[in-house]
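Undergrad: Letter by letter, the chains look like this.
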Amino acid sequence: MGIFLGILNGGMNYKREVLKNGLITLAYEKEKLPMITFIYAFKIGSAYDPKGKEGLANLTISMLEKGTKKRSYMEIMEEFAILGTKFFYDVSPTFSTIGITSLLENAPKSLEILSDIIYNPEFKEEEFKKEKERLINRIISDKSEPDYVSEVLFTKYLYKDHPLSHLPEGDENSLKNIELSDVIEFYKKYFTPKNSIGVIVGAKSPDELINLVDKYFGKEKEEGELPPQIEMPERLKGINVKIYHMKINQSYITMGHFGPLRKSSDFNAVRVMNYIFGGGSFSSRLFEEIRNKRGYAYSVGSYISTFDPFPSTYIFELQTKIENTNDAIKVIFEEIDKIKKEIKDKEIEDTKGYFKGYLPRVTETYTQIANNLLIQELYNLPEFFWEKDVEEIQKLTKKEIIEAAKKYLDPENILILIVTDTSKYKWDVKGIENVNIENIEKF
Amino acid sequence: MKDFSLALIILPILLIQKGYYNIKEYNLKNGLKVLILEDHSSPIISLGIWYRVGSRNELPGKTGISHLLEHMLFKGTKKLSSEEFSKIIQKMGGVDNAFTSNDVTAYWEVFPKDNFEKVLEMEADRMQNCVFREFEEEKKVVMEERRLHENSPEGVFWEELEALSYKVHPYKNPVIGWMSDLENITLEDVKNHYKTYYSPNNSFMIVVGDIDEKKAISLIKKHFEKIPKAKKIPAVNVKEPPQMGEKRAYIKKEGFAKKLGIAYPIPEAGSPDEIPLSILAYVLGGDKTSRLYKKIVYEKGFATSVGAYADIRIDQGLFVIAIDLKMNSSFDEVLNEVLNEIEKIKKEKIEEKELLKAKNQIKANFVYSQESILRQNFVIGRFESLKGWKKLLTYLEDVDKVKEEDLKRVANNYLNENSRNILFLEPILPQK
Numbered sequence: 000m001g002i003f004l005g006i007l008n009g010g011m012n013y014k015r016e017v018l019k020n021g022l023i024t025l026a027y028e029k030e031k032l033p034m035i036t037f038i039y040a041f042k043i044g045s046a047y048d049p050k051g052k053e054g055l056a057n058l059t060i061s062m063l064e065k066g067t068k069k070r071s072y073m074e075i076m077e078e079f080a081i082l083g084t085k086f087f088y089d090v091s092p093t094f095s096t097i098g099i100t101s102l103l104e105n106a107p108k109s110l111e112i113l114s115d116i117i118y119n120p121e122f123k124e125e126e127f128k129k130e131k132e133r134l135i136n137r138i139i140s141d142k143s144e145p146d147y148v149s150e151v152l153f154t155k156y157l158y159k160d161h162p163l164s165h166l167p168e169g170d171e172n173s174l175k176n177i178e179l180s181d182v183i184e185f186y187k188k189y190f191t192p193k194n195s196i197g198v199i200v201g202a203k204s205p206d207e208l209i210n211l212v213d214k215y216f217g218k219e220k221e222e223g224e225l226p227p228q229i230e231m232p233e234r235l236k237g238i239n240v241k242i243y244h245m246k247i248n249q250s251y252i253t254m255g256h257f258g259p260l261r262k263s264s265d266f267n268a269v270r271v272m273n274y275i276f277g278g279g280s281f282s283s284r285l286f287e288e289i290r291n292k293r294g295y296a297y298s299v300g301s302y303i304s305t306f307d308p309f310p311s312t313y314i315f316e317l318q319t320k321i322e323n324t325n326d327a328i329k330v331i332f333e334e335i336d337k338i339k340k341e342i343k344d345k346e347i348e349d350t351k352g353y354f355k356g357y358l359p360r361v362t363e364t365y366t367q368i369a370n371n372l373l374i375q376e377l378y379n380l381p382e383f384f385w386e387k388d389v390e391e392i393q394k395l396t397k398k399e400i401i402e403a404a405k406k407y408l409d410p411e412n413i414l415i416l417i418v419t420d421t422s423k424y425k426w427d428v429k430g431i432e433n434v435n436i437e438n439i440e441k442f
Numbered sequence: 000m001k002d003f004s005l006a007l008i009i010l011p012i013l014l015i016q017k018g019y020y021n022i023k024e025y026n027l028k029n030g031l032k033v034l035i036l037e038d039h040s041s042p043i044i045s046l047g048i049w050y051r052v053g054s055r056n057e058l059p060g061k062t063g064i065s066h067l068l069e070h071m072l073f074k075g076t077k078k079l080s081s082e083e084f085s086k087i088i089q090k091m092g093g094v095d096n097a098f099t100s101n102d103v104t105a106y107w108e109v110f111p112k113d114n115f116e117k118v119l120e121m122e123a124d125r126m127q128n129c130v131f132r133e134f135e136e137e138k139k140v141v142m143e144e145r146r147l148h149e150n151s152p153e154g155v156f157w158e159e160l161e162a163l164s165y166k167v168h169p170y171k172n173p174v175i176g177w178m179s180d181l182e183n184i185t186l187e188d189v190k191n192h193y194k195t196y197y198s199p200n201n202s203f204m205i206v207v208g209d210i211d212e213k214k215a216i217s218l219i220k221k222h223f224e225k226i227p228k229a230k231k232i233p234a235v236n237v238k239e240p241p242q243m244g245e246k247r248a249y250i251k252k253e254g255f256a257k258k259l260g261i262a263y264p265i266p267e268a269g270s271p272d273e274i275p276l277s278i279l280a281y282v283l284g285g286d287k288t289s290r291l292y293k294k295i296v297y298e299k300g301f302a303t304s305v306g307a308y309a310d311i312r313i314d315q316g317l318f319v320i321a322i323d324l325k326m327n328s329s330f331d332e333v334l335n336e337v338l339n340e341i342e343k344i345k346k347e348k349i350e351e352k353e354l355l356k357a358k359n360q361i362k363a364n365f366v367y368s369q370e371s372i373l374r375q376n377f378v379i380g381r382f383e384s385l386k387g388w389k390k391l392l393t394y395l396e397d398v399d400k401v402k403e404e405d406l407k408r409v410a411n412n413y414l415n416e417n418s419r420n421i422l423f424l425e426p427i428l429p430q431k
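Line by line, the protein sequences give chains P and L. Just so you know, we're using numbering that gives the first Met the number 0 here: the first sequence kicks off at 0 and counts up by one. Just so you know, we're using numbering that gives the first Met the number 0 here: the second sequence kicks off at 0 and counts up by one.
Fair warning: there could be bad hints in the mix.
[What the hints assert, rightly or not] Capping the alpha-carbon separation at 25 Å, the derived lysine-lysine pairs in DSS-like fashion look like this:
| id | chain 1 | residue 1 | chain 2 | residue 2 |
| --- | --- | --- | --- | --- |
| 1 | L | Lys32 | L | Lys225 |
| 2 | P | Lys129 | L | Lys325 |
| 3 | P | Lys159 | P | Lys128 |
| 4 | P | Lys31 | L | Lys390 |
| 5 | L | Lys294 | P | Lys85 |
| 6 | P | Lys292 | L | Lys231 |
| 7 | L | Lys287 | P | Lys123 |
| 8 | P | Lys85 | L | Lys287 |
| 9 | P | Lys31 | L | Lys246 |
| 10 | L | Lys23 | L | Lys213 |
| 11 | L | Lys225 | L | Lys117 |
| 12 | P | Lys345 | L | Lys77 |
| 13 | P | Lys123 | L | Lys293 |
| 14 | P | Lys31 | L | Lys299 |
| 15 | P | Lys241 | P | Lys262 |
| 16 | L | Lys23 | P | Lys142 |
| 17 | P | Lys123 | L | Lys214 |
| 18 | L | Lys352 | P | Lys175 |
| 19 | P | Lys128 | L | Lys287 |
| 20 | L | Lys213 | L | Lys228 |
| 21 | P | Lys129 | P | Lys52 |
| 22 | P | Lys131 | L | Lys293 |
| 23 | P | Lys69 | L | Lys352 |
| 24 | P | Lys246 | L | Lys251 |
| 25 | P | Lys394 | L | Lys86 |
| 26 | P | Lys339 | L | Lys225 |
| 27 | L | Lys90 | P | Lys351 |
| 28 | L | Lys23 | L | Lys220 |
| 29 | P | Lys292 | L | Lys77 |
| 30 | P | Lys387 | L | Lys112 |
| 31 | L | Lys299 | P | Lys175 |
| 32 | L | Lys220 | L | Lys112 |
| 33 | L | Lys86 | P | Lys355 |
| 34 | L | Lys400 | P | Lys85 |
Hints are computed from structural coordinates only; laboratory data are not their basis.
Using the sequences provided together with the hints, build the complete structure.
TA: Right, dumping it as structure tokens:
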């Protein structure tokens, strides 16, 4: 088939090993530049925040850099800056990451500092107060941005009372409820090597890379706990329209429902279908109908965010002048209907071409490779799943792709969030019956 | 502090000496400059065509025309239908897009290497044969893009800061254009803009990736050399007059965002002060160890973030400091802290470590930027658009030469009361 298989390289440049302390370590040799990228991922995320203390996982991660037994917060930042090392962290609903990108010559020193941050945080009260205050104020300020407001509200109403119903940062009220002791307890319970994955990509052999990780992250640490079991969220029933007022001159429309698990055998069929529907940028149907033909929106598209073991979110979104709102929503419903009935051979051929050619582009950088390997381990996917995915995509039939549309696009059980100036907007989407409309009063 | 080494990073300079950024330059007969960088680490190529036209070339009443034209270049040629260019790139497994800035309009693609000639053929076609389909629809798309800016305090803030900081120069206008101008721009205007500025002698091409340089230039010549050069490209002769004192503007926007911006005029690209200004910006607000972050965010807790940068442009640029204040913080207190820190830079010792951090970060980022062939394309393009790509080869050595007195000199020369522009964005709390 002529698919690019450069990264696999017979598996010679890749190794997976479980260190003595339980840390699963994946190492990949990439020679292009004298640098490394290392990601340390904890299998704990914002879905595990206790009720009323949403934002705890995020606050815990952000406290790690704020000082260790050996170094103050500013000393850590100074050392990274002198080394030219990039330091980053992030929290998703189901996992959290912290890592570095460093020049190879500074890799041992950078990893030593990171190890100190992860294994010896001091959690000083003064730093905690400052960081909590900063995060609360950041959230308040972000509430001025309609896209942030849309994300918060859509997540809230899609997952209702489920632990996935908040963004990782929580909100200003839940953050106020979090004490330093909550952070310390959360850290001790879940931030352990046995509950973590290390991924390193760099210009050294896989054995040398594993040794580096072992040297700085292989130490024994107190046993923690496995994250608790969380029930699956309930699927939405009916067409639920939520309208929220902001003084803006567009409607921010977010529509969607749950999608497939990343591990699902349907996942690649849904990817192909979604590329044709709204994920394929200039090539997608939503782009053609909403942007090209009608000039309704600058940005329009659909995407799937996975949170295995919980269902993914499958979202369609756009922003348009208020008077176009109802018609834009109607077009999306029409396009959902159409793709369940008909997909052209050319659309499938073009989409397969896209995935066939895109591999070297999405495995080009150190960070891309590290993230791919992390997803492989987190979701228990086959080794180098991205190559196998492409092979599978090439074999998909039209019937399988249409079936994916029928199974995973569900316009009868859907959430439609419209953030708009409600003094200028009234729901009136022709042909969409039995709609539950609610004006959201409280953010 | 234990085991803390103040080592100067030298590796990136050695990389340049070893042949990283081994760029080859060709100049076609019609004036098209071509820069090629072989990078065989992945079987892909990035191609960029940069036109030397942006908002700086726009006349009153026609603001946003360069960006609107950029959109129209995706609307097909005699050979290709609307959006077909991008669809072909995507079918290869590639990705493409474009951007417009104050100074340039750049089109780029990343695609598997076997498609190089096809992409060249398409780019040569759209340099001369665009037919501008669906103009009114696309204008609406751009107006929606503008509304996105208007709805965001962030978008409004940056637009107002530029408008405040320039009096005469077209840089005072947003790249996306003013709404009334977008409404009034005609198809004829866009066609004229295209005819005037889109030519081989007003553009340059950058190729980075898995291709032999000789083969690349031969194919580029085949597709581009026959395109005629434009006769005369209008020069921009507008000069911003010296500022005659501090300017302040107060704006309000519904929401919860409180922002403070301070902008000082700085010299155009190519000035010897350019690199010292960039390092000064880093020392003041480049990261969490910078003076302003430490003082305003960390110690005083007045703000949630702070940033500073030297925005170098073809004509007069800006040294910008931007701060996101907490709602209950006072503008006066924060402004005083910023101005105090600037005065300290001028009068007090700047630690060697502060300079070193800035230099090491710049150099390490230079290595990281080579991870991706698209980022390399953008780095080369930015250098070429401002002062010529060859400056890239000496850039890191020039960074190393900067001394404490250089920072003091540029701070004294440019960060002054009489030339500063201060913008206050106050939130209007939403009414329930």
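Undergrad: With reference to the structure, classify each hint as holding or not holding.
TA: Here is how each hint holds up against the structure:
1. A hinted pair counts as satisfied when its Cα atoms are at most 25 Å apart, and Lys32 of chain L with Lys225 of chain L qualifies at roughly 14 Å.
2. Straight-line distance between C-alpha atoms of Lys129 of chain P and Lys325 of chain L comes to about 12 Å, which keeps the hinted pair within the 25 Å bound.
3. Pair hint Lys159 of chain P plus Lys128 of chain P does not hold up; C-alpha atoms about 30 Å apart against a cutoff of 25 Å.
4. Under the criterion of a C-alpha separation no larger than 25 Å, the hint pairing Lys31 of chain P with Lys390 of chain L is consistent with the structure, at around 24 Å.
5. Straight-line distance between C-alpha atoms of Lys294 of chain L and Lys85 of chain P comes to about 22 Å, which keeps the hinted pair within the 25 Å bound.
6. Between the alpha carbons of Lys292 of chain P and Lys231 of chain L the distance comes to roughly 36 Å, so the proposed pair goes past 25 Å and is violated.
7. A hinted pair counts as satisfied when its Cα atoms are at most 25 Å apart, and Lys287 of chain L with Lys123 of chain P qualifies at roughly 18 Å.
8. Only pairs whose Cα atoms come within 25 Å are accepted, and Lys85 of chain P paired with Lys287 of chain L is accepted, the gap being roughly 12 Å.
9. Among the hinted pairs, Lys31 of chain P with Lys246 of chain L is inconsistent with the structure: their alpha-carbon atoms are about 49 Å apart, more than 25 Å.
10. Under the criterion of a C-alpha separation no larger than 25 Å, the hint pairing Lys23 of chain L with Lys213 of chain L is consistent with the structure, at around 10 Å.
11. Between Lys225 of chain L and Lys117 of chain L, the direct Cα distance comes to roughly 17 Å. Compliance with the 25 Å bound is thereby established for this hinted pair.
12. Taking the CA atoms of Lys345 of chain P and Lys77 of chain L, the gap is near 22 Å; set against the 25 Å cutoff, the hint holds.
13. Between the alpha carbons of Lys123 of chain P and Lys293 of chain L the distance comes to roughly 18 Å, so the proposed pair stays at or under 25 Å and holds.
14. Annotation: proposed proximity of Lys31 of chain P to Lys299 of chain L is violated, straight-line Cα distance about 43 Å (limit 25 Å).
15. Of the supplied pair hints, the one linking Lys241 of chain P and Lys262 of chain P is violated, its CA atoms being roughly 31 Å apart against a limit of 25 Å.
16. Distance check on the hinted pair: Lys23 of chain L and Lys142 of chain P sit about 49 Å apart at the alpha-carbon level, beyond 25 Å; violated.
17. For the proposed pair Lys123 of chain P and Lys214 of chain L, the alpha carbon gap of about 61 Å is over 25 Å, so the pair is violated.
18. With a C-alpha separation of about 37 Å, the suggested pair Lys352 of chain L and Lys175 of chain P falls outside the 25 Å cut-off, and the hint is violated.
19. For the hint linking Lys128 of chain P to Lys287 of chain L, the alpha-carbon distance of about 17 Å falls within 25 Å, and the restraint holds.
20. Pair hint Lys213 of chain L plus Lys228 of chain L holds up; C-alpha atoms about 23 Å apart against a cutoff of 25 Å.
21. Restraint check for Lys129 of chain P and Lys52 of chain P: satisfied, since their Cα atoms lie roughly 17 Å apart, inside the 25 Å limit.
22. Of the pairs offered as hints, the one joining Lys131 of chain P and Lys293 of chain L holds, with about 17 Å between alpha carbons and a cut-off of 25 Å not exceeded.
23. A distance of roughly 20 Å separates the Cα atoms of Lys69 of chain P and Lys352 of chain L; the hinted pair therefore holds under the 25 Å criterion.
24. Under the criterion of a C-alpha separation no larger than 25 Å, the hint pairing Lys246 of chain P with Lys251 of chain L is consistent with the structure, at around 13 Å.
25. Taking the CA atoms of Lys394 of chain P and Lys86 of chain L, the gap is about 22 Å. The hint holds against a cut of 25 Å.
26. The suggested pairing of Lys339 of chain P with Lys225 of chain L is violated, with an alpha-carbon distance near 48 Å, which exceeds 25 Å.
27. With a C-alpha separation of about 8 Å, the suggested pair Lys90 of chain L and Lys351 of chain P falls inside the 25 Å cut-off, and the hint holds.
28. For the proposed pair Lys23 of chain L and Lys220 of chain L, the alpha carbon gap of about 15 Å is at most 25 Å, so the pair holds.
29. At most 25 Å may separate the alpha-carbon atoms for a hinted pair to count; Lys292 of chain P and Lys77 of chain L meet this at roughly 19 Å.
30. Of the supplied pair hints, the one linking Lys387 of chain P and Lys112 of chain L holds, its CA atoms being roughly 22 Å apart against a limit of 25 Å.
31. Note on Lys299 of chain L and Lys175 of chain P: the hinted pairing holds, with a Cα-Cα distance of about 20 Å set against a maximum of 25 Å.
32. A C-alpha spacing of about 18 Å is found between Lys220 of chain L and Lys112 of chain L, which places the hinted pair at or below 25 Å, so the restraint holds.
33. Pair hint Lys86 of chain L plus Lys355 of chain P holds up; C-alpha atoms about 15 Å apart against a cutoff of 25 Å.
34. Among the hinted pairs, Lys400 of chain L with Lys85 of chain P is consistent with the structure: their alpha-carbon atoms are about 24 Å apart, no more than 25 Å.
The structure fails to meet hints 3, 6, 9, 14, 15, 16, 17, 18 and 26 from the earlier list, while all remaining hints are met.
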